[in-house]
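Chains as they are written, first to last, in this note's numbering: chain A, 84 to 223; chain B, 1059 to 1583.
A portion of the hints provided could be inaccurate.
A short, non-exhaustive set of chain B residues, derived as facing chain A with CB atoms under 10 Å [unchecked claim]:
no. : residue
1   : Ala1139
2   : Met1169
3   : Tyr1341
4   : Val1579
Here are the computed distance ranges between Cβ atoms for each label pair [to be verified]:
no. : chain 1 : residue 1 : chain 2 : residue 2 : range
5   : A       : Gly140    : B       : Ala1185   : 17 to 25 Å
6   : B       : Ala1185   : A       : Ala152    : 35 to 43 Å
7   : A       : Val192    : B       : Val1348   : 18 to 26 Å
8   : B       : Asp1541   : A       : Thr182    : 51 to 59 Å
Keep in mind that the hints were calculated from the coordinates and are not lab data. Predicted, not measured: the structure shown is a model, and the values here were computed from it. Backbone N, C-alpha and C define an ideal beta-carbon position, used for all residues, glycine too.
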Amino acid sequence: MSAQARRGSVRRQVRIGCPPEQVWAAIGDPARIAEWFPGIESATVDGSVRVITTGSGLPIPEEILTNDAVQRRFQYRITAPMFQEHLSTLDVLDLEDGTSLVVYAADAVPATLALVIAGAAGNALLHLRTMLEAGEGGRP
Amino acid sequence: MSRRKILFVTTDQQRYDTLGCNGGVVARTPVIDGLAASGIRYERAVPQSVVCMPSRSTILTGQHPTTHGVWMNGVPLPVDAPSVAEVLHEAGYRTALIGKAHFEPYFDPFMRFTENALAASGPVPPAGTHRGFEHLEFATHGAMGPQHYARWLGREHPEAAGMYYSVVDHDLQVNAAGGGDTGAPQVHVNPIPREWYHTDWVADRAISWLDSLDADDDWFCWVSFPDPHHPWDPPQSEVGRVDWRDVPLPAGYLSSAEEREAVLDAKPRHWRLWYDGQLVSNYEAPAAWVPATMTDSQVREVNARNAVECELIDEALGRVLAAVAARGWSDDVDVIFTTDHGEFQGDYGLLFKGPYHVDSLMRLPLVWRPAPSAVGSGAGAAGAGAGGGGAVVSSPVGLVQLAATFCSIAGVEPLPWMQGSVLPSADDDGLAPERVLTEWDSELFGVDVHLRTVTRDRWVCTAYLPGTVHDGSEGELYDLVDDPLQRVNRWDDPSCRSLRDDLLDDLWSSQPERHIPRIDVQAPV
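Given only the sequences and the hints, what does the whole structure look like? Please build it.
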């Protein structure tokens, strides 16, 4: 990155001791994000539009771009004005040993927001792992 | 019989030479100078990190960053991390933290971090304590965010909220915009009345909490002033105290660009790359500001405004001490004054901070005025060796020692997880540590920098681990006595090879236990 780069790209990942179908059941349902993402209090979904409300009471509108149950890939972009550009991608990868690798990548302009979003998402993945490995939240 | 009370006062990003007692000639600091005259002044207090969150976490936990896990700004200190405040609270002390905490990130739109959430719930944590503190009122460098001070200002003086400098720009980067008379970055004319400024607010809230205590309470009060950290936007009514045109250029600043650049070129590459605006490795300085563009006048104005902020802190501390005296506690209170890390303030042609382990950032003000009632009370009383006052400790000490020192003052056995020993009261009392360690790790948008430093035997030796612009062979070695401004890097000096190797052996064999698992960066700061 040059000293002046404005775009940020940040990735977080976690291995979860559950099969990918179980992980995808939580991630692939966009209305369930508040169950596994600390700091998101609620989410409403209307077609391809999701609006989350954060713990600070801030509503953040999002556009769902991909919800592919075959690849187990979920993509969305935040459409709030403070984001000049944004794309977040969640992939659930089958490690073929009964476990899954969940990868969250955030790309954003301004760069700082990529770190803010992916930083929170990384913590959420850890929370998701705890939930699922405890047998919570993985309803198909 | 009540125990010694503890008034712990920190500032943010304050250089050693900003105090009169340390030879400073710009700011007038009679209150702190007075504490030093009647206590112990440390000439080489070294932080374990030169940025806020890791350093503050070290103060609270008594552990090195590698161990407590806050390895750079933006990494939150786990809520269940060890805390000396918790030790003191469990020992019966009343505990408060008033001012800047910053154990958790500020950038928090999800409101995930307890510090930010606490500001909405008032000064008393719903759980009774947070990190051992029963009373918390937070402030930072202005009126942004959910901190108690920002909420107070927005509620009581909403017209003032926009008077402060905006610390981030429209791209949420550290703001490079300049102001004042010289256009220096992060200098700003702030019309806020002094009594609304955060320095006085912190003192006011500390006095209010102290006044709420019973006379025989034992207490530990951490008063944490956000200044003199940038932005340099003290109340404009006070700026006339120091005319920047009269401020001498710092000894560490070379007016000649040629000489300045020669010094930088003898250091590892990231020094010069940052100076030329070609590399930003961290979020602690404005990415859009190029240090090579800084003028002599800008250095003077930054130093002038910094001095004003230091004077306001000194006066605010004077008010807190007067409140302590009014309660009749003066003889039973230990006062410790320090900061979390330093500031370039013009040295080497730089401002702000970053992965640079030199005195600008690593030599800190530290003053301990032991409770007068304890002085002369015999062996085992921490600080009692200060005798009649005015003691000077020149041996290196570390902020990591503060937790054990607080315990010792309180008559509580330091806990095994504390990695520092009690601060010495004199060079010859056998308590000075053999070495002091400092570390830096940062990873930001594809740029990583990793430093490990040991300070001992008049030398400071920094090894660079492999990173974006370093291959692991680079380093810095300075003789602190013969080269007090650290201009001559002797890392590759053949005559110092044996010494360097000894210091490196000591550095690597003394590395603290690593926090597992590694905690991810969760926000820029």
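Tested hints:
no. : hint                                : result
1   : Ala1139                             : 16 Å, violated
2   : Met1169                             : 3 Å, holds
3   : Tyr1341                             : 8 Å, holds
4   : Val1579                             : 6 Å, holds
5   : Gly140/A with Ala1185/B: 17 to 25 Å : 22 Å, holds
6   : Ala1185/B with Ala152/A: 35 to 43 Å : 41 Å, holds
7   : Val192/A with Val1348/B: 18 to 26 Å : 22 Å, holds
8   : Asp1541/B with Thr182/A: 51 to 59 Å : 55 Å, holds
When the structure is compared with the earlier hints, a violation turns up for hint 1 alone.
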